[in-house]
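> Each chain, letter by letter, is given below.
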Amino acid sequence: MTILRVDGVSKSFRGLLALDKVSFEVERGEIFAVVGPNGAGKTTLFNVLAGVYRPQSGSVWFEDERIDGLRPDSICVRGVARTFQIVRPFAGLSVFDNVVIGALLRADLAGARATSEQILRSLELWDKRARPAGALTLPDRKRLELARALATGPKLLLLDEVMAGLRPAEIDRAVAMLREINQGGVTIVMIEHVMRAVTALADRIHVLHHGASLAQGTPQEVTSDPRVIESYLGAESFE
Amino acid sequence: MPPDLIAEVLVQGVLTGLVYGLMALGLSVIFGVVRVVNFAHGEFTVLAMYAAWFLFSRLGLDPLIAAAPIALAFFVLGYGLQRGLIAPFVRRPEHLQFIYMVGMAIVLVNALLLVFGPDARHADVPYAFDSWRLGPILVDKVRVFAAAGAILICAALFAFFRYTLVGTAIRACADNLIGAEVVGLDVGRLFAIAFGIGLACAGAAGALMVVLSDATPNLAPSFTLLAFTIVIVGGLGSMTGALAGGVLIGVAEALASIVFSPSLKSMVSFALLVVVLALRPQGLIGRRA
Amino acid sequence: MNGAGRSFISREKAVALALLGALLVAAPLVLDRYFLSVFILVFWSAYVGQAWNVMMGFAGLLSLGHALYVGVAAYIAAALYVHFGLSPLIGLIPAAAACMGFGAAIGWLGFRFRIEGVYFALLTIAFAEATRIAFDNSDWTGGAGGLFISVSSATAGQWWNLRGGPLLFYYLALAMAAAAFLFCALLMRSPLGYRWLAVREDPEAARALGVDVLRVRLASVIVSAAMTSLAGVFYAFYYNNVFTGQIFDISRSIEIILAPIIGGVGTLFGPILGAFVLIPLGQLLLWGTQALGLDAPGLEALLYGLCLMIIVTRAPEGVWPRLERLLRGKDEAP
Numbered sequence: 001m002t003i004l005r006v007d008g009v010s011k012s013f014r015g016l017l018a019l020d021k022v023s024f025e026v027e028r029g030e031i032f033a034v035v036g037p038n039g040a041g042k043t044t045l046f047n048v049l050a051g052v053y054r055p056q057s058g059s060v061w062f063e064d065e066r067i068d069g070l071r072p073d074s075i076c077v078r079g080v081a082r083t084f085q086i087v088r089p090f091a092g093l094s095v096f097d098n099v100v101i102g103a104l105l106r107a108d109l110a111g112a113r114a115t116s117e118q119i120l121r122s123l124e125l126w127d128k129r130a131r132p133a134g135a136l137t138l139p140d141r142k143r144l145e146l147a148r149a150l151a152t153g154p155k156l157l158l159l160d161e162v163m164a165g166l167r168p169a170e171i172d173r174a175v176a177m178l179r180e181i182n183q184g185g186v187t188i189v190m191i192e193h194v195m196r197a198v199t200a201l202a203d204r205i206h207v208l209h210h211g212a213s214l215a216q217g218t219p220q221e222v223t224s225d226p227r228v229i230e231s232y233l234g235a236e237s238f239e
Numbered sequence: 001m002p003p004d005l006i007a008e009v010l011v012q013g014v015l016t017g018l019v020y021g022l023m024a025l026g027l028s029v030i031f032g033v034v035r036v037v038n039f040a041h042g043e044f045t046v047l048a049m050y051a052a053w054f055l056f057s058r059l060g061l062d063p064l065i066a067a068a069p070i071a072l073a074f075f076v077l078g079y080g081l082q083r084g085l086i087a088p089f090v091r092r093p094e095h096l097q098f099i100y101m102v103g104m105a106i107v108l109v110n111a112l113l114l115v116f117g118p119d120a121r122h123a124d125v126p127y128a129f130d131s132w133r134l135g136p137i138l139v140d141k142v143r144v145f146a147a148a149g150a151i152l153i154c155a156a157l158f159a160f161f162r163y164t165l166v167g168t169a170i171r172a173c174a175d176n177l178i179g180a181e182v183v184g185l186d187v188g189r190l191f192a193i194a195f196g197i198g199l200a201c202a203g204a205a206g207a208l209m210v211v212l213s214d215a216t217p218n219l220a221p222s223f224t225l226l227a228f229t230i231v232i233v234g235g236l237g238s239m240t241g242a243l244a245g246g247v248l249i250g251v252a253e254a255l256a257s258i259v260f261s262p263s264l265k266s267m268v269s270f271a272l273l274v275v276v277l278a279l280r281p282q283g284l285i286g287r288r289a
Numbered sequence: 001m002n003g004a005g006r007s008f009i010s011r012e013k014a015v016a017l018a019l020l021g022a023l024l025v026a027a028p029l030v031l032d033r034y035f036l037s038v039f040i041l042v043f044w045s046a047y048v049g050q051a052w053n054v055m056m057g058f059a060g061l062l063s064l065g066h067a068l069y070v071g072v073a074a075y076i077a078a079a080l081y082v083h084f085g086l087s088p089l090i091g092l093i094p095a096a097a098a099c100m101g102f103g104a105a106i107g108w109l110g111f112r113f114r115i116e117g118v119y120f121a122l123l124t125i126a127f128a129e130a131t132r133i134a135f136d137n138s139d140w141t142g143g144a145g146g147l148f149i150s151v152s153s154a155t156a157g158q159w160w161n162l163r164g165g166p167l168l169f170y171y172l173a174l175a176m177a178a179a180a181f182l183f184c185a186l187l188m189r190s191p192l193g194y195r196w197l198a199v200r201e202d203p204e205a206a207r208a209l210g211v212d213v214l215r216v217r218l219a220s221v222i223v224s225a226a227m228t229s230l231a232g233v234f235y236a237f238y239y240n241n242v243f244t245g246q247i248f249d250i251s252r253s254i255e256i257i258l259a260p261i262i263g264g265v266g267t268l269f270g271p272i273l274g275a276f277v278l279i280p281l282g283q284l285l286l287w288g289t290q291a292l293g294l295d296a297p298g299l300e301a302l303l304y305g306l307c308l309m310i311i312v313t314r315a316p317e318g319v320w321p322r323l324e325r326l327l328r329g330k331d332e333a334p
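Chains as they are written, first to last, in my numbering: chain W, 1 to 239; chain A, 1 to 289; chain E, 1 to 334.
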């Protein structure tokens, strides 16, 4: 069952075409990766999906409801949560409060607190709950970003390069966490450069290049696709 | 409404507006280059009004001539203030800088009140009531002289920013601060110069203004608001914008005072401010931030 | 910015507050009229500072035109009493409603059109000024000449019309300041309070979590305006006169922000501390200059301006956070 449908989405900025008729469908419950060299338009795509940008043409459908052009908070209410490539914690607030704010979307204060505790425990952040979010290390801040997004009770999670900057051991832990979250029923669409994580997690991969769809398929299919290999010559390399 | 009355009022509005424009130009330089929200701009202008009045009443120096030394003194003052007190705030959160300048404005206004008292001071130059006849309308000499002074100073500034090395460097800072630093411009010094120029404009405008209206301390906040309105309406970062905005506001207020009533004239400026803020925040001539 | 997520108020603070409260309630037994009036000013400043703080400290929106709400409410309540004999306890309802309307208008204009920072502050100033001019030209409220509430023996003792001596206003102001403190403490712990903090920290991140930023900001403006309106009603009936030039003036708006900024923006105790420090300081200065035989109009205000400059330079978060850290000992986690 399709949970997200991207249909011919194009987006340009002052004449620069960032997205060129991108189309794909995401099945409910799968982990779907979007990869491509820098500048390929991945984050722009996410920003369109999350409501930060309005596409020039094309449409985005979530659970058969058209969501392109809606405000980010409206889209979040409908069940789409996102993380930011450069994490944006509420630095002056505690870790716990950061997550509570996310959880307040679906519950009252008491319920939000309970949900937050649950999520923080499962992401191994509970003992740091009183610390100001700005004082965390990068891996912890990424987990906080994830916890916050999860607290909104999403059906679809958009992850923007969560693995960037993490060491191999941390990546493995993150992969395990994401798998658990996915098994809990959350569909994941992830932008990733770290191919080790992509091949470990993704059911299907969509490749973007210069804002256009280049290829799509299982990790096996994509990594052996000659067009993909060619487009990466001199650009990104698979780990 | 007789057409020559309207014409007279229009001309008055333009002339006064040019002096307002000079004041606003100073704010545009400060706000646009140094990115300091100079909430004390009106206060400095009124300080200059008092300075000019003082020189006039003690030394008989015509304020229109005093504008030059006063501008110079204010340049030095501005340079020192920026270098000494304001520089740390340029990169701090905006609201702190704000409040700091609000504090400075309060100090200035009340210092003026303490020293000069609340009574109005006016410079009665000998030609204060002379006027020229231009066809059917009468034009006050003082207004023409003041406006001419404003235009002269603006032209000099324009040439400075266009043709001198320092002026170009300052424009670079306004355009792209990080780029300017990267190429090795002494941003601290340039900011101080820019602030000095901004205050010099306020100083000159104040000196010119004292022949047009009375100096009282409580004029200061409305001048600050007026300067910001002009800068926003005319467009931040645009010198012609500041002048054009000044003329526009001057004319609008002049017309409003005869069409509606004198006490309602500033409503027009506020209406313009709100409209511009909402619909065209870069102002009429300014660049998009 | 701390507070949310921790226990309501620490035990030490609660005890200290209770003590202070008891002292203040008993104080009129020993204070003369002059000191009562000083305390009334302190309570009023603390109250209105707390109201302003809701917008700035919680939602991060700088309003330099808060005198607008004081003036509108003062005029409406006073005019309704003068023309119709309507008790201010009822008159405060339309007064508050009008202020909430103004607040909603300013908020909507600002947020809908993404007017922020200095531009938003200028917008608030322009609105206050425009309203002043409007009231200048309104005969029903006395125009520029001002509106006067009669003080006569016929109405003496009518507490429902806020006719009474300094004791009435003392306890009223104290109650308002205390109520504002409690109200804000509760607000901070509410879902709305959490959302305000999020929007203040990072509006984009808040949006991504489903927070309707426009609604939340609007709420802060409206709550702040409503709270401030009550201060306006108090003002009118305490001073028994309202002048456009005085009540809408930008210096009034600046007076309102002094206590919370110097005390500590975004904290509950900041406005209170600020008021308790600034007002007596100003009075001391006035007393000093009078004792020396000097006539110094504006000296008090000049001092306030200097305080503002010093605080913003040396202790930008305000006196209260510094004091709190000092009292708690620096080794404890903030």
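None of these hints come from the bench; they were simulated from the model.
Just so you know, these numbers come straight off a predicted model, no measurement behind them.
Among these hints, one or two may not hold up.
For each label pair, taking beta carbons as the anchor points, the in silico distance ranges come out as [unchecked claim]:
id : chain 1 : residue 1 : chain 2 : residue 2 : range
1  : A       : P93       : W       : L17       : 46 to 52 Å
2  : E       : L31       : W       : L109      : 38 to 44 Å
3  : E       : L89       : A       : I6        : 50 to 56 Å
4  : E       : L109      : A       : A128      : 50 to 56 Å
5  : A       : D214      : W       : G15       : 50 to 56 Å
6  : E       : L20       : W       : Q118      : 51 to 57 Å
Calculated Cβ distances over 10 Å to all of chain W for the following chain E residues [what the hints assert, rightly or not]:
id : residue
7  : S10
8  : V151
9  : G210
10 : L292
Listed below are several chain A residues computed to face chain E (Cβ distance under 7 Å; list not exhaustive) [said to hold, decoys possible]:
id : residue
11 : I99
12 : Y100
13 : G103
14 : L114
15 : L225
16 : F228
17 : I258
18 : P262
19 : S263
20 : F270
21 : L273
22 : V275
23 : A278
For glycine and all other residues, C-beta sits at the position ideal for the given N, C-alpha and C.
> Hint by hint, note whether the structure agrees.
Comparing the hints with the structure gives:
1. Roughly 37 Å separates the CB atoms of P93 of chain A and L17 of chain W, a value that falls outside the hinted 46 to 52 Å.
2. About 42 Å separates the C-beta atoms of L31 of chain E and L109 of chain W, a value consistent with the hinted range of 38 to 44 Å.
3. For the pair L89 of chain E and I6 of chain A, the beta carbons lie near 52 Å from each other, so the given range of 50 to 56 Å is met.
4. For the pair L109 of chain E and A128 of chain A, the beta carbons lie near 42 Å from each other, so the given range of 50 to 56 Å is not met.
5. Checked against the given bound of 50 to 56 Å, the beta carbons of D214 of chain A and G15 of chain W, roughly 54 Å apart, stay inside it.
6. The hint said 51 to 57 Å for the Cβ distance between L20 of chain E and Q118 of chain W, and at roughly 40 Å that hint is violated.
7. Here S10 of chain E stays apart from chain W, with its beta-carbon at least about 14 Å from theirs, past the 10 Å limit.
8. No Cβ of chain W approaches the Cβ of V151 of chain E within 10 Å, the least distance being about 48 Å, so the stated non-interface status holds.
9. Once the 10 Å rule is applied to beta carbons, G210 of chain E is inconsistent with being away from chain W; the minimum gap is 4 Å.
10. The non-interface label for L292 of chain E is consistent with chain W: the shortest C-beta to C-beta separation is roughly 46 Å, beyond 10 Å.
11. At its closest, the beta carbon of I99 of chain A sits 5 Å from a beta carbon of chain E; the interface hint therefore holds under the 7 Å criterion.
12. A cut of 7 Å between beta carbons decides the hint on Y100 of chain A: the least distance to chain E is about 5 Å, and the hint holds.
13. Because the beta carbon of G103 of chain A sits about 3 Å from the nearest beta carbon in chain E, less than 7 Å, this interface hint is met.
14. With its C-beta approaching chain E no nearer than about 5 Å, L114 of chain A sits inside the 7 Å limit, and its interface hint holds.
15. This hint holds: L225 of chain A has a C-beta 6 Å from the nearest C-beta of chain E, less than the 7 Å allowed.
16. Here the hint on F228 of chain A is kept, as its CB sits about 5 Å from the closest CB of chain E, short of 7 Å.
17. A least Cβ separation of about 16 Å between I258 of chain A and chain E goes past the 7 Å threshold, and the interface hint is therefore violated.
18. The criterion of a C-beta within 7 Å of any C-beta in chain E is not met by P262 of chain A, whose closest approach is roughly 11 Å, and the hint is violated.
19. With 7 Å as the threshold, the beta carbon of S263 of chain A comes within range of chain E, its nearest partner Cβ sitting at about 6 Å, so the hint holds.
20. Interface hint status for F270 of chain A: upheld, as the beta-carbon distance to the closest one in chain E is roughly 4 Å, under 7 Å.
21. For L273 of chain A, the suggested interface contact is upheld, since its CB lies about 5 Å from the closest CB of chain E, less than 7 Å.
22. The interface hint given for V275 of chain A is violated, since its Cβ lies 10 Å from the closest Cβ of chain E, which is over the 7 Å cut-off.
23. Because the closest C-beta pair between A278 of chain A and chain E is about 4 Å apart, less than 7 Å, the hint holds.
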